[in-house]
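Listed here are the chains, written in short residue letters.
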Amino acid sequence: MYLDPGSGSLILQVLIASILATPFLFRSQIRRLVRTMRGPERPPESPNENRS
Amino acid sequence: MTKTSQRPVPYVARDEGSFRDPSGFVYRREGVLYRQINESYAPHWDRLASSGFLDELVRAGLLIPHELVDVGLAAAPSPHAVIRPTEIDLVTYPYEWTFGELRDAALLTLDIARRALAAGFTLKDASAYNIQFWNGRPVLIDTLSFEEAVPGQPWAAYRQYCEHFLAPLALMALRDVRLGLLLRDFLDGVPLDLAAHLLPARSRLNFGLLSHVVLHARAQTRYAGSATAERRRPPRMSPLQMAALIDNLRSTTEHLTWEPVGTPWESYAENNTYAEQAAADKDRLVRLALQSSTGTVVWDLGANTGRFSQIAAGLGRKVVALDVDYGASERHYRTIKATGESSVLPLVIDVANPSPGLGWGSRERKPLLDRANADVVLALAVVHHLAIGRNVPLGSISEMFAKLAPEAIVEFVPKEDSMVQRLLASRIDVFPDYTLAGFRSAFGGSFEILSEHQIQGSLRTILHLRRRTGPPSGLAAWR
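Protein chains in written order, with my numbering: chain A, 1 to 52; chain B, 53 to 531.
One should not assume that every hint holds.
Stated by the list, open to error - Pulled a few chain A residues facing chain B out of the computed Cβ check, cut under 10 Å: (1) Ala17; (2) Ser18; (3) Leu20.
To be verified - Sample of chain A residues lacking proximity to chain B, with all beta carbon distances greater than 10 Å (derived): (4) Ile11; (5) Arg32; (6) Leu33; (7) Val34; (8) Arg35; (9) Met37; (10) Arg38; (11) Gly39.
Calculated from the structure, these hints are not laboratory results.
Here a beta-carbon is modelled for each residue, glycine too, at the ideal position from N, C-alpha and C.
Required output: the full structure, derived from the provided sequences and hints.
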């Protein structure tokens, strides 16, 4: 059997991403708004940068 | 005339695990590690090098540093450039990591993918083998994992992320932490249909796991046979959609947690039989032996939550802390993370069944014993588990320690000790040679005894051993 697991991954990925995009944009805007109201703040960083 | 049949030792040796990526490969030239960048990757490399993106990652501690060296040091035809990456002390594999280590490696991968997207690149691989632990934290070691982003193209590494990270982490968190060992059999990551089959039903209530594992597995099956027959127009995806996808993978991964409670050994440090005085004396004797030992790398076998690894680290040693117990190693990892300790690497490894050679030719992922870089083996309260718990003859244990390092600091726990009594409780004592005298005799073949002290307030003994020069007798597999 010659099976291609890649096609399904691509199609599903785009489907999920299109569902997620609007709520993600909405959350990002709210976060941006909160940040503007609170003043400058450190952006979220990788776990590595919190380590000494 | 005599002609020697010996072939000259090649002074350029290609890494046996570095053959998958046409962009370049890793090799050693006269012992020094290099990475060749092939002509085919030239446009991406030039754009990467001039963008400052790699420097940004290195500065943030996310990517292993490298320096550009003379292209004349290349190992194969048509090189575009050669870099010399900073070398990792010990290469380890995801099936040797604790839950927390695999999770941190996963989050690092997503963080890099997110930054790449913002910089106009794409992370083309999300292989767990591209992450290594360096100074106590995960870093990306594959500098060639990036390509210029093509507008509209989905994330090529999405499936690999799900198979290498999300599926094993979900299984470990929601089913059983020991399922992390599936990565040892499935070198390309845990197949998603298998993960979906093994995950508990409640995982379907989680949007991320439902989509990225369960539905992902179904989509793979559904479209598996149709790709060549009806060549689809490749689906397109906007940068916003890709950012949303990576963000969702991140929160799905972050919500996977596992608490190290209830494994056989996680609470040993609090519930052992050491009286306070004996524990203090053991600390003192181990410290003394470590101080008089040479070298920089200590392998702590049966390290538990790291009491003695911490002593070695306090003396400036680099420590690889091996324990078979996921709970104990996880607690150890959390301790070093919380304290910012950078010289200890906890790993989940059964000393009686160390990682074998795996992959292509059994050489792609190397056996643990071939990777051993120890100067000192620290084996405290572990020999009785091997000798009595696993029936390994004392002579074989000695050979194994001699193979791992030139020095060993070993605790001998006699039969009269309550912990050994427990091991013998439900079985016939078939170990007539398991005595201190028998230990000295068995280890005498490979080692000389530098010092020997009984721990005050206990029946146990700490011995500091040095390997005899030359291969010890009876060790066929000497490297």
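Hints versus structure:
A hinted interface residue such as alanine 17 of chain A counts as satisfied when its beta carbon comes closer than 10 Å to some beta carbon of chain B; here the least separation is about 4 Å, so the hint holds. For serine 18 of chain A, the interface hint holds, the least distance from its beta-carbon to any beta-carbon of chain B being 6 Å, beneath 10 Å. Among the interface hints, the one on leucine 20 of chain A holds; its C-beta lies about 4 Å from the nearest C-beta in chain B, closer than the 10 Å criterion. Isoleucine 11 of chain A, annotated as away from the interface, has a beta carbon of chain B within 10 Å; the closest lies near 6 Å.
Look at arginine 32 of chain A: its CB is around 14 Å from the nearest CB on chain B, clear of 10 Å, so calling it non-interface holds up. Residue placement check: leucine 33 of chain A keeps its beta carbon more than 10 Å from all beta carbons of chain B (closest about 18 Å). Against chain B, the non-interface label of valine 34 of chain A holds: every CB pair exceeds 10 Å, the least being about 17 Å. Residue placement check: arginine 35 of chain A keeps its beta carbon more than 10 Å from all beta carbons of chain B (closest about 16 Å).
The non-interface label for methionine 37 of chain A is consistent with chain B: the shortest C-beta to C-beta separation is roughly 22 Å, beyond 10 Å. Residue placement check: arginine 38 of chain A keeps its beta carbon more than 10 Å from all beta carbons of chain B (closest about 21 Å). Under the 10 Å C-beta cut-off, the non-interface status given to glycine 39 of chain A relative to chain B holds; the minimum distance is some 23 Å.
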